[in-house]
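A.B. asks: Each chain is listed here by its residues.
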Amino acid sequence: MSDGKKQNEQKDLISRIPNWGWLCISFLVAMVLWYCLSIYPKTARSFPFLPKVLASLKTMIERGVLWQDFSSSMISVILGFILGFVTAVPVAFLMAWYRPVRFIVEPWIQFIRNIPPLAYVPLVVISAGVGRRPQVIVIWLATFLIMTVTIYQGVRNVDETLIKAARVLGAKDKDIFVKVIFPATTPFIVTAVRLGVSVALTTLIAAESTGAVAGLGMRIRSLNNSFEVEPMLLYIIIIGVIGITSEKLIKMWERRFTRWQEKREE
Amino acid sequence: MAREERRVKVKIDNVEKIYEGRKGRMVALNGISLDIKENEFICVVGPSGCGKSTLLNIIAGLLDATSGAVYVDGKKVEGTGPERGVVFQQYALFPWLTVIKNVMFGLKLKGMSDEEAKEVAMKYIRMVDLEEFVDSYPKELSGGMKQRVAIARAYAVQPEVLLMDEPFGALDAQTRTQLQTELLKTWEEEQKTCFFITHDVEEAIVLATRVVIMSARPGRIRDIVDIDIPYPRTQETKMTPEFIKLKNRIWSQVYQEYLEVRK
Chain A
1 MSDGKKQNEQ
11 KDLISRIPNW
21 GWLCISFLVA
31 MVLWYCLSIY
41 PKTARSFPFL
51 PKVLASLKTM
61 IERGVLWQDF
71 SSSMISVILG
81 FILGFVTAVP
91 VAFLMAWYRP
101 VRFIVEPWIQ
111 FIRNIPPLAY
121 VPLVVISAGV
131 GRRPQVIVIW
141 LATFLIMTVT
151 IYQGVRNVDE
161 TLIKAARVLG
171 AKDKDIFVKV
181 IFPATTPFIV
191 TAVRLGVSVA
201 LTTLIAAEST
211 GAVAGLGMRI
221 RSLNNSFEVE
231 PMLLYIIIIG
241 VIGITSEKLI
251 KMWERRFTRW
261 QEKREE
Chain B
1 MAREERRVKV
11 KIDNVEKIYE
21 GRKGRMVALN
31 GISLDIKENE
41 FICVVGPSGC
51 GKSTLLNIIA
61 GLLDATSGAV
71 YVDGKKVEGT
81 GPERGVVFQQ
91 YALFPWLTVI
101 KNVMFGLKLK
111 GMSDEEAKEV
121 AMKYIRMVDL
131 EEFVDSYPKE
141 LSGGMKQRVA
151 IARAYAVQPE
161 VLLMDEPFGA
171 LDAQTRTQLQ
181 TELLKTWEEE
191 QKTCFFITHD
201 VEEAIVLATR
211 VVIMSARPGR
221 IRDIVDIDIP
231 YPRTQETKMT
241 PEFIKLKNRI
251 WSQVYQEYLE
261 VRK
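Chains A and B are the protein sequences, given in the same order.
Under our numbering, read the first sequence as residues 1 to 266, first letter to last.
Under our numbering, read the second sequence as residues 1 to 263, first letter to last.
Don't read these hints as lab results, they were simulated from the structure.
Just to be clear, a hint being listed does not mean it is correct.
EDC-like mimics (lysine to aspartate or glutamate), calculated; alpha carbons at most 20 Å apart, straight line [as the list claims (entries may be wrong)]:
id : chain 1 : residue 1 : chain 2 : residue 2
1  : A       : Lys179    : B       : Glu188
2  : B       : Lys139    : A       : Asp159
3  : A       : Lys174    : B       : Glu78
4  : A       : Lys42     : A       : Glu230
5  : B       : Lys238    : B       : Glu160
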């Protein structure tokens with residue numbers, strides 16, 4: 001009897017703590033776990049604790065590389081992503097529109113999509129040389145593939161009766177594209193953008209693995225060679241922060257575009 | 001009767017539709033001929049697979065007939081046209097547009113200005129009694145309300161012929177009778193030629209001036225029954241002896257067709 005009561009009280013407590021409260025708790029628990037890792041002998045060398053990592057932030061700024069690495073990576077990610085998006089949209093629509101295009105191109109996309117970018121980076125470098133260009137090409141390719149697949153699904157998913165309804169209301173092919181297919185596809189385009197950004201970031205390390213002069217991914221590798229663990233961990237955390245920030249920003253933007261949608265997650 | 005003297009609005013002339021599939025030829029419609037007079041309310045009943053939706057799509061211009069043709073006011077139907085409006089069973093509202101923007105869709109395509117379109121749209125939204133919901137998105141509406149918006153949207157562009165493909169098929173019984181009454185009222189006010197598909201025999205009789213019974217595989221017209229019950233008709237009309245007599249007559253034919261299909 002008292003057990004059930006306790007459970008009720010517990011439930012109350014869980015719902016009484018606001019979301020940001022849980023976020024704080026989650027953060028604190030992570031800190032505790034991190035601290036444990038930093039004192040446990042077997043993992044201590046890989047996980048120096050927060051003060052040391054923060055100290056390395058200062059070192060990297062003093063060395064003058066942090067901002068350079070950050071901006072270099074961001075430029076590659078943004079350029080690659082924009083190229084990926086600009087090419088994915090027309091290809092996705094062409095695939096959905098013209099069956100021969102679909103039959104020829106889709107297998108290629110499915111095939112390449114399953115190869116980890118790290119595997120083909122050297123090939124790109126051989127043709128594109130070192131520096132910015134191969135990085136952008138690799139990120140472009142990876143984001144292009146994921147976004148094409150997502151947007152293509154969206155165009156194929158457009159409800160046929162909506163097209164019919166538009167047609168009987170007097171819509172010509174152009175109107176149907178602009179006023180039906182495009183808005184109906186927006187939720188998928190927004191999802192594609194979110195996936196594309198996340199893929200761009202995860203591909204970054206592979207893209208910078210050969211011949212980059214600066215960059216978050218490149219720096220992690222070079223720090224690895226000199227066994228500087230604190231700044232390495234710092235860079236990994238920075239990449240994580242960039243990822244979660246961009247995702248939150250996109251989610252805010254997504255809500256504005258898809259208010260009308262039937263189902264909303266949580 | 002006065003209606004009989006009216007001129008032919010829609011002429012369906014020996015329409016045939018054949019689908020060539022992997023499993024061979026499928027004759028969906030065979031030798032369909034029907035003259036629909038101006039302001040007539042035609043209801044089509046028949047088992048599923050009898051091609052009634054196919055026929056509606058051909059009249060709408062969304063599908064081409066394999067042979068034969070449809071004429072509206074003596075003009076051959078080629079593609080969709082503003083004189084023919086369609087209401088679909090699945091409402092087909094644009095989910096990213098609010099109620100008023102949905103109703104304005106066809107008006108804007110006609111080249112109306114925003115203000116003008118808004119005014120016309122409001123008139124038809126009032127007609128279906130949804131003023132409170134002008135700025136709602138379709139997801140916020142019930143099925144019956146969605147279908148009212150679809151009807152308003154079809155009416156707003158002022159078609160002369162209204163084609164309805166089981167518009168009330170997905171609604172509960174109460175909403176359905178309510179919408180039937182509303183539809184009859186607007187039909188009497190606006191005087192349009194209606195072509196209405198249903199699988200509900202009672203619905204067909206309460207609405208139609210003539211009920212067309214179709215048979216399946218191949219889809220053919222089996223019988224055409226005049227409904228001489230005077231308008232205005234209400235739900236009480238369904239209790240009258242002549243209604244019940246007609247219902248038995250039509251239902252027995254439809255039922256036979258259902259049995260044929262199940263074989």
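A.B. asks: Against each hint, give a clear statement of whether it holds in the structure.
C.D. replies: Hints and how they fare:
no.	hint	result
1	A:Lys179 / B:Glu188	violated (33 Å)
2	B:Lys139 / A:Asp159	holds (15 Å)
3	A:Lys174 / B:Glu78	holds (19 Å)
4	A:Lys42 / A:Glu230	holds (16 Å)
5	B:Lys238 / B:Glu160	violated (28 Å)
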